[in-house]
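Add chain B to chain A, keeping to what the hints say.
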Amino acid sequence: MTEEIIIAGFGGQGVLSMGKIMCYSGIVQGQEVTWMPSYGPEMRGGTANVTVIISDERISSPIINEFDTAIILNQQSMDKFEGMVKPGGTLIYDPNGIVRHPERKDVNIYRVEAAAEAAKMDSTKTFNMIVLGGFLKIKPIFKMENVIAGLKKSLPERYHHLIPMNEKAVLRGSEIVTEAQILN
Amino acid sequence: MKELRLMKGNEAIAEAAIRAGVDGYFGYPITPQSEVLEYLMMERPELRTGMVVLQAESEVAAINMVYGGAGAGKMVMTSSSSPGISLKQEGITYIAGAELPCLILNVVRGGPGLGTIQPAQSDYFQSVKGGGHGDYKLIVLAPASVQEMYDFVETSFDLAFKYRNPVLILSDGAIGQMMEKVEIGDQKVRLTDEQVKERCPWATTGKTTKRERNIITSLDLDPNKQEKFNHKLQAKYKEIEKNEVRFEEIQTKDAEYLFVAYGTSARICQKSVQLARAKGIKVGLLRPITLFPFPAERLLELSKQVKGILSVEMSAGQMIEDIKLSVHCNIPVEHFGRMGGIIPSPGEVVKALEQKFL
Numbered sequence: 038m039t040e041e042i043i044i045a046g047f048g049g050q051g052v053l054s055m056g057k058i059m060c061y062s063g064i065v066q067g068q069e070v071t072w073m074p075s076y077g078p079e080m081r082g083g084t085a086n087v088t089v090i091i092s093d094e095r096i097s098s099p100i101i102n103e104f105d106t107a108i109i110l111n112q113q114s115m116d117k118f119e120g121m122v123k124p125g126g127t128l129i130y131d132p133n134g135i136v137r138h139p140e141r142k143d144v145n146i147y148r149v150e151a152a153a154e155a156a157k158m159d160s161t162k163t164f165n166m167i168v169l170g171g172f173l174k175i176k177p178i179f180k181m182e183n184v185i186a187g188l189k190k191s192l193p194e195r196y197h198h199l200i201p202m203n204e205k206a207v208l209r210g211s212e213i214v215t216e217a218q219i220l221n
Numbered sequence: 037m038k039e040l041r042l043m044k045g046n047e048a049i050a051e052a053a054i055r056a057g058v059d060g061y062f063g064y065p066i067t068p069q070s071e072v073l074e075y076l077m078m079e080r081p082e083l084r085t086g087m088v089v090l091q092a093e094s095e096v097a098a099i100n101m102v103y104g105g106a107g108a109g110k111m112v113m114t115s116s117s118s119p120g121i122s123l124k125q126e127g128i129t130y131i132a133g134a135e136l137p138c139l140i141l142n143v144v145r146g147g148p149g150l151g152t153i154q155p156a157q158s159d160y161f162q163s164v165k166g167g168g169h170g171d172y173k174l175i176v177l178a179p180a181s182v183q184e185m186y187d188f189v190e191t192s193f194d195l196a197f198k199y200r201n202p203v204l205i206l207s208d209g210a211i212g213q214m215m216e217k218v219e220i221g222d223q224k225v226r227l228t229d230e231q232v233k234e235r236c237p238w239a240t241t242g243k244t245t246k247r248e249r250n251i252i253t254s255l256d257l258d259p260n261k262q263e264k265f266n267h268k269l270q271a272k273y274k275e276i277e278k279n280e281v282r283f284e285e286i287q288t289k290d291a292e293y294l295f296v297a298y299g300t301s302a303r304i305c306q307k308s309v310q311l312a313r314a315k316g317i318k319v320g321l322l323r324p325i326t327l328f329p330f331p332a333e334r335l336l337e338l339s340k341q342v343k344g345i346l347s348v349e350m351s352a353g354q355m356i357e358d359i360k361l362s363v364h365c366n367i368p369v370e371h372f373g374r375m376g377g378i379i380p381s382p383g384e385v386v387k388a389l390e391q392k393f394l
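Chains as they are written, first to last, in this note's numbering: chain A, 38 to 221; chain B, 37 to 394.
Next comes chain A alone, as it looks inside the complex:
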């Protein structure tokens, strides 16, 4: 199994930490992982993205321009990454703030209204965990217990009391993700 993922959105949405939690979950499962962030001028301008690769084998290039899954959280990232999903791949997005919805006909498209849900749950900081839950519903590459173990490793101990809330957000994400376009 190799899953090549791009997560892209605004700085502050938890894009980078979501990738980190995925990587830790992979490590707990004994998998190989790479996490390659954008650290250049775009990071300084507000958008953030990270390439995450999870694999059962040694990972070759950490830098790729074709992804199995794109998780897209703002319009700029939609413009940049929609075209980089492999044909037959998966695009997951939060429609919040999206003015031009995905147009590809050769990929599976899912929506997860994470921003709205996080507001409803009165905890905007769990936004990225709701997105992660949506992703895991579609691509169950990590067992829930390993995600929790990953969270524990990723969060400093003083925040460990927040883990139940994050777990709830992941579960909520898996409930609210909806199919927008499924290939036959």
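Since the hints were derived computationally from the structure, they do not count as laboratory data. Be careful, since some hints might not be right.
As the list claims (entries may be wrong) - Partner residues are not named here, just some residues of chain B that face chain A (Cβ under 8 Å, in silico):
no., residue
1, L42
2, P68
3, A210
4, Q213
5, M214
6, M215
7, E216
8, K217
9, R303
10, I304
11, Q306
12, K307
13, Q310
14, I378
15, S381
16, P382
Said to hold, decoys possible - Chain B residues, not near chain A, derived (Cβ > 12 Å throughout):
no., residue
17, G57
18, N100
19, S181
20, I211
21, K246
22, N250
23, D258
24, L269
25, F283
26, K343
27, K392
28, L394
Idealized CB from N, CA, C, for every residue including glycine.
Relative to chain A, chain B alone:
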């Protein structure tokens, strides 16, 4: 089982330094390597092992602090990125001239000048051909993963003390910034003053009545002595070339074409090998792990097997010169690369191979 952590390349180097029992780190911040200094400051190694971590007033100061520490037989290191490494060149040639062991890390960014903060491999010439003045060589290691960033710290110090020669780890912004799984080694205890004296009888550890004073210098105004010293250096470099060549081969056994790439480019080429082989092109990869000494002999052997070599570098083509020298230009050697902080994609590399050779 050993401890596994998810770390950036820069953090891995810093943790490895503490664990290897390094005595001192002297640095100055610059993107994309600032996490080395940040991590060391945060970890408070002075409490863990007694290691000194100091942010110097400039790169020039930092490298001269390394010069001083190394002269006293201590395990010392510095790190920077391209423009900062240029500033350190005077100190580096002095350290090489004084035959002192130390570790220098370059997390390369695009140049020339201030260039960009994005990854590049355009400091190859500076690293393996000199950089500073005089006939000297650094031992140059090129990690291609975060684990190797970690592992090469100890390797570097082993080599540095074995040959009394500075070692350079030539990394780049991608490896410095990306996170991967790292197996963490055991904590080593820093050497005591007595152990340092035993390991480095040449060091300035304080004169005793039993021996002549030790002098650390790179100056000798007598040309005859200076020439003799240069011969000694050259003999040492020959010895290093004989003993320390390291490289990795991927699918070279039946290869008809060969990629040669180090560091980040080698990772990209691993994927290019998979993509090309899926198209029926028999290509392999030779990844130099040491850039000096360069795996010249193995390349010459491979040149009798393959029809062409593509040197893949994030530069205008620098290592290609060493490849051509290695294979005595007996087969076509071409270059493919991107510059200015652009990282080539695996697909681009395959396309370049097809365009140049097929």
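message: Which constraints among the numbered hints does this structure fail? Numbers only, ascending.
response: Structure breaks hints 14, 19 and 20.
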